[in-house]
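> Residue numbers (numbering that gives the first Met the number 0), protein chains in the order written: chain E, 0 to 600; chain X, 0 to 296; chain V, 0 to 418.
Hint data in this document are derived by calculation from the structure and do not stem from the laboratory.
C-beta: ideal position from N, C-alpha, C; glycine also.
Treat each hint with caution, since some may be false.
[What the hints assert, rightly or not] If you want the ones that stay clear, here's a sample from chain E, every Cβ over 10 angstroms from chain V, calculated:
| # | residue |
| --- | --- |
| 1 | Pro104 |
| 2 | Thr106 |
| 3 | Thr109 |
| 4 | Thr277 |
| 5 | Thr400 |
| 6 | Gln415 |
| 7 | Ser541 |
[Said to hold, decoys possible] Each pair of labels, with its calculated beta carbon distance range:
| # | chain 1 | residue 1 | chain 2 | residue 2 | range |
| --- | --- | --- | --- | --- | --- |
| 8 | V | Asp411 | E | Gln276 | 31 to 41 angstroms |
| 9 | E | Val76 | V | Asp143 | 27 to 37 angstroms |
| 10 | X | Leu15 | E | Glu597 | 51 to 61 angstroms |
[To be verified] The list that follows gives simulated cross-link-like pairs (lysine to aspartate or glutamate, EDC-like), each with its CA atoms no further than 20 angstroms apart:
| # | chain 1 | residue 1 | chain 2 | residue 2 |
| --- | --- | --- | --- | --- |
| 11 | E | Lys135 | V | Glu343 |
| 12 | E | Lys135 | V | Asp9 |
| 13 | V | Lys135 | V | Glu221 |
| 14 | E | Lys260 | E | Asp249 |
So you can see what is in the structure, the chains are spelled out below.
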Amino acid sequence: MQTHVRCLVLFSTYRDSVWLMHLSHTLESLPGVQRVAVMMGTPHNKALLQQAGLLTPEGEAGGANDLLVCVQAETPVAAAEALRQAADRMTPQQGRGAAASAAAPRTLETALRRLPDANLACISVPGAYAVHEARKALQQGLHVFLFSAHVDLAAEVSLKNLAAQQGLLVMGPDCGTAVLNGVPLGFANQLPRGPVGLIAASGTGLQQVSCLLAGQGIGVSQAIGVGGRDVHERIGGHSMRAALQALAQDADTRVLVLISKPPAASVAAQLAREAAQTGKPCVLAFVGETALAAVSQGVHPVATLEEAARLAGALARGTPLPMEPAALTASHAAAAQAARTALQPGQRLLHALYCGGTLAHEALGLLRRALGSVVSNLDGTLGTAHATAHVVLDLGAEEFTQGRPHPMIDPSARRQSLLEAAGTPEVAVVLADVMLGWGAHADPAGALAAAWQEAQAVARAAGRALVGIVHVCGAPDDPQGFVQQCQILREHGLLLADSNAQAVRLATAVLGVHAPDSPAQRLAVGNAATGAAVLPQEQSLSVSLPARLPELFMTGPRVVNLGLELFATQLAAHGVPVVHVDWRPPAGGDTRLASLLERLR
Amino acid sequence: MLTVQVSRWSQAAASLLPPQQEMIGRVHSCYARIINVHTPSGRLLTLQGEGMLQAPLGLALATDVAALGTRLPVGALVVQAIPTARRSPAALRLRCADALVWDGQVVAQPGLTPSVLARLAHGLAAWLCCHTPRRGLTPLLLALEHGPLVLSATNAAAYAVLAPLCTGRQAFGVPTLLTLVKALVGLGEGLTPSGDDFLVGLLAVLHVTGFLPCSAASPVHAQFCQCIRLGTSQLSGEFLRCAFEGHFAEPLVMLVRALCALETDAWPAHAATLATVGHSSGVDAMVGIALGCRLLA
Amino acid sequence: MSLTSPTPIDTANEQALQRIYTARPYLVAVRPAREFLPQLGADTILHAGPPVAWEAMCGPMQGAILGAVQYEGWAADLQSAQAFVESGRIRLQPCHSLSAVGPMTGVITPSMPLMVVENREHGNRAYCTLNEGLGKVLRFGANDASVLERLRWLQQTVAPALHTALQRLGGIDLRVMMAQALSMGDEMHQRNVAGTALLGQALLPHLVRTVPAPEPLGAIAEYLTGNAQFFLNVAMAAAKVIMDTAVGLSGCTLVTAMARNGTEFGIRLSALGERWFTAPAPMPQGLYFPGFSASDANPDMGDSAIVETLGLGAFAMSASPAVAQFLGVGGWAEARRYTEEMLEITAGRHPHLLLLTFDDLGVPCGIDVRKVVETAIVPWINTGIAHRQAGIGQIGAGVVQAPLECFVQALDAFATAYL
């Protein structure tokens, strides 16, 4: 008699034994089915199935946490039918809830009928459409978390003006991170609640500072992203200033931190002035700012994210502010020396491979001060100088993410660059960031460690050693398991730094260069007590507290999500009321009709 | 956010959740009337309804857990209610403060001489052959008496490992244990494979005779953990790890304590209860206990 | 919840909805078409759907026209009827052009009795034929002697009896009756069992007292109670009289009619009055009676889509899981999804036509052409499937989607007029 064997692997599927036995019996009684095995895909079980002739290559792919359904039948059709019935019985049992039978709404309006008291729209649809959806959301009285990029300057101005009229806040465009009332939005970490309020025009900047604070046991009241371009001259720091007003009045916020790349001078001045007026101590972290002017008492400019976290932590605890800049610990210094001895004479270059844009930017500034010439894709100096200069790569930049996912989600992007570095004889040190948190890859350390092993093999084959320095940007409670992620990296021989700035110090130590202290930092710390405001007084339109923002802080977000479904899943995991919209481009993508509809609104 | 009272939990579970620690973990899986929660440190806690704790790291909730499970997606955050001002948002908050603690640790008992162990082995094996002759690994017991007749693939594999040990004259030692673990872990049907359940039963005997525990720092512990990590599912592995550390589910603990209470003969009732656990999990654990007693006698 | 002021279009749409919600249709009379439609001159025949020339008509429609010509006595047999029509001596125009509607071929001639529905709130009227029943009927293009005889029986015996009964009743409140039928599992397109029963119940005492003899009373009663789809025509006229209140409102983007003639599918937009926007009629998808298949089917046909235009039929599918199974759509969950999807493209909910199974939500009412184009979600219509050969009849039932093209055309025309 003919026999046909088919296997179905149900990944990460758990059902109790009685249920499994029942399934087994049901399938066995189907016409044409000769033998059935339903088992967890452990090594021993797969061996048994193999011996019994019931394991196919598909079944082989199953692991110890996966359920294997193996069927031997008289005909291929009977086998397929048995597996189909098995799959049918596996309809998800969890998380469906009352709305299970309802199809997802197609528009914002319908979503609002399902969640009439929604107060936030989370928008991650393509940039061209994002503006329109954001505008609709604002008109409906919702704050907007605008993850989408590729929104032009004029549209951003118009959205932020509309928001101001409505008493609402626009977080974005190009805003990757926020944590509102402890709820992570976008790519964000699982932070404890506490007295520090963060406002950032930089996603990974926000992540680094908030994680360093979490590592000190200090929590966050609100972490508000405002979008990468908010501090541009024409936007004038609109959302940042609005958020500042709100946090100034928020009873749970005792310390403020503003984070961005150096803004336009007028905007920086405005921010410093308004920060001083809040009456709460405020850390100004304009990452990579080289010329920090002294400001009013209570406003503390710093140049690195690490420093921002140190100061904010001290201010939150009420302990004296650190006077000395951070330096390598003795054990780190020793480790650096030890690593140095393993290098070959020709190895003198550093390749830094970053997922986080702001972290790359920060590293570039610090490395240039320490090492002199460093090229990067961040400022078009890259050229083809890989073999002869130090390199800092932002792998999340557009040129690397055309048609492929961001390196925070897909670690294979970095592997390629890592192998290239290993194959370049002059490269001594590789520097990398490992980003944890919601939205990020499930095991970035594991992926990097695997790629690192390959890289080391490449280097070793050429008679070289390679020094790898990483820092893990994560909070203790992050889904990936902060402690385990660090452990994996250490086990694979990577040197672990506590922060991005420290990773740079470690790298320069390995290269045998003594990193000079940033003079700008000392200046700021030293002058904090003078109390004299020396910035130019500029006139500009005042930005008031958005009337409906305190309400958002009080009740927490209730969200309509348009775009990436994983954001909705993340929110649901935190018990946040959320409706996900099955969004499609208007008029099926027909731009003529779409613009017609726009005019007929 | 749902807030639920924990009415009862095991000592082992309680020790993993100190009162000031808000984070518990994320939902790992839901089925029937069970919700498993994965902690950041890699442990699996089991939330269930009222009744005997079915897992060593078990928490009995004062609510309809089946209904709760349909409302919690995999990955949902679970936190503990702690008395601080700000609460972290989560899908489920558990109030543990007034929960009754049940101590499920099996510790060395006096009076378990080889002859006593032999008697217990014989008695339990007889009970199983009588009440559950065709379930799980019970045919193994018959095969060890009468030779391997017709055995299922799983049972045949287990027989191949256990028969030599039963006929051999060597004392049971750590190497034996590790061999058994490597050979049986992840073997068989069921959410917790039969081999794992067998090992859990065996480990109970090792604890009650004082053979275990060994400290967590010993290389045996590390080897054991390595073996289960690679050989079986996270869920079953958690049961094995707890068993290695002396913590078991309530039905099994009740049976072991009854077996060790030599003056009474109340253990068959507990055996009957344990036999209803899972499809064959309880039975397989009892086969492990019976053979464990025999090997140590 | 919107924080910005409504646009002129939103205001116009809201006005239209208010008229639709407050319209009160009453079934008041059954009289020959010429009596209420004097514009229906001799040599004029009305048909379902948007305008269509004789040559372009599908088989069933042509068959019905030929039958109608004989019924009126303009020709004595089929051959001469054919010659009569081809000579161009009759005018063919849509039922809709005279505030009438007809199911399937929807043919109306001056002598044919029409049910008259009066909107007592706003004063307008609408008309529909009496449902002929099942089997060989004019509405599927049959035209032999038995068909004509039955039509005459309706004209001479049934219509006067119904009319007298209605006069005694003083009219029947159709909005209340439709709301009741909705709560009893009807969606009023493919399922009208409850509506038919309620109507029979209302008319029975008066028929018994006014029809003189047991036969024809028995025959009339049999006719009324033996045809489960009788209420369809009543619901269609009611829907027409309601939707007509929204015709011609400046700046309003709501659809006032959807209709098919077996060749083309057409819609009308409130602001653009009587203009039709058409596209080829789609083929229904559904279940076929034994012995028939998709290759036998006629393209979608009939004015009955006026029922969906109001928000009943497929829009109210969640009230009628039984119809979902009949149409091959599925069960309760699938039925509910149809209603949910239609909520995406409608501007309002009818406050008097409520869906019990949907938390008493009013039926989705007022199809907004802007939302249709924006979401590319088009109206679903529950429909019977006719054999493409004249006279054979219904061969199945299913669902059909209005062609997006009609709505795009309508939107473009609206934009041209208003921007």
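> Next, verify each hint and record whether it holds.
Hints and how they fare:
1. Pro104: Check fails; 7 angstroms does not lie beyond 10 angstroms.
2. Thr106: The claim breaks: E/Thr106 does not keep its Cβ more than 10 angstroms from every Cβ of chain V (closest is about 6 angstroms).
3. Thr109: 5 angstroms, violated
4. Thr277: At about 28 angstroms from chain V, E/Thr277 clears the 10 angstroms cut-off, so the statement holds.
5. Thr400: 29 angstroms, holds
6. Gln415: Given that every Cβ of chain V is farther than 10 angstroms from that of E/Gln415, nearest at about 40 angstroms, it holds.
7. Ser541: The assertion about E/Ser541 holds, with a minimum of 22 angstroms to chain V.
8. V/Asp411 to E/Gln276: 31 to 41 angstroms: This hint is violated: roughly 54 angstroms between Cβ atoms.
9. E/Val76 to V/Asp143: 27 to 37 angstroms: 49 angstroms, violated
10. X/Leu15 to E/Glu597: 51 to 61 angstroms: Check passed, 56 angstroms falls within 51 to 61 angstroms.
11. E/Lys135 to V/Glu343: 16 angstroms, holds
12. E/Lys135 to V/Asp9: It holds: about 15 angstroms lies between the C-alpha atoms, which stays within 20 angstroms.
13. V/Lys135 to V/Glu221: 17 angstroms, holds
14. E/Lys260 to E/Asp249: The hint is violated at about 25 angstroms.
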